[in-house]
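Required output: the full structure, derived from the provided sequences and hints.
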Amino acid sequence: MSESTEELYGQLCWLAIPVTDIERAKAFYAEVFSWEISPNGVPHGRPGVKELYFFNRDKALNGAFYVMEDGYHVINHSIGSHDAFSVHPSFNVKNCKETLELVTKLGGKTQLHKTELGENMGHYARFIDTEDNLIGIWSKI
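Residue numbers (full-length UniProt numbering): 1 to 141.
One or more of the hints may lead you astray.
Stated by the list, open to error - Between beta-carbon pairs, the in silico distance windows are:
1. V32 to E101: 31 to 41 Å
2. K97 to T20: 27 to 37 Å
3. K97 to T130: 12 to 22 Å
4. N133 to N62: 16 to 26 Å
Note that these hints are calculated values from the structure, not bench results. In this text, all values refer to a predicted model and were calculated from it rather than measured experimentally. We put the beta carbon where it would ideally sit given N, CA and C, even for glycine.
Now the structure itself:
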C-alpha cells in the first residue's frame, strides 16, 4: 500500500446531505460555503432517493445532495431504519468490516453493515457512535 493512500485513512471522504428542495439547498450551500454544485441531477437506485446533485469545494470536499422522496428525509436516525438517513460525514477507512468490529468493541452500534456500492466503487457502512452521532465509512475493499 502506498504511503499517500494510508495518509487518507481517517479523513472525511464524502458528505451526504438529504434535501427536499434542491434549488433552495443549492442556493444556500453555494452562498454559505462557496461549493460548486452540478446543475443537473443523476438518478439514484436507492429506495427513497430521487436523484443526486454532486458538489465539491476545491477538491477538499466531495459529496452530494440526495433529493429524497416523502417519508425518507429524517432529522434523526435509528438502528432499525436502514433506508432513512440524516446528514452524516463519511470517512475513508482501510476496511469497513474491520472498522465496524472496532466500533462495536468500543461501544458504538452498527447502523448499516458493509454494503458494496457496485461498479468497482468500493464499500460503505454506517454506525452510531458513543455520542449517538450517525457516521459513515467507506473503503475500497
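Cross-check of the supplied hints:
Against the hinted window of 31 to 41 Å, the Cβ-Cβ separation of V32 and E101 comes to about 37 Å, which satisfies the hint. Checked against the given bound of 27 to 37 Å, the beta carbons of K97 and T20, roughly 33 Å apart, stay inside it. For K97 and T130, the hinted distance range of 12 to 22 Å is satisfied, since their beta carbons lie about 20 Å from each other. Roughly 20 Å separates the CB atoms of N133 and N62, a value that falls within the hinted 16 to 26 Å.
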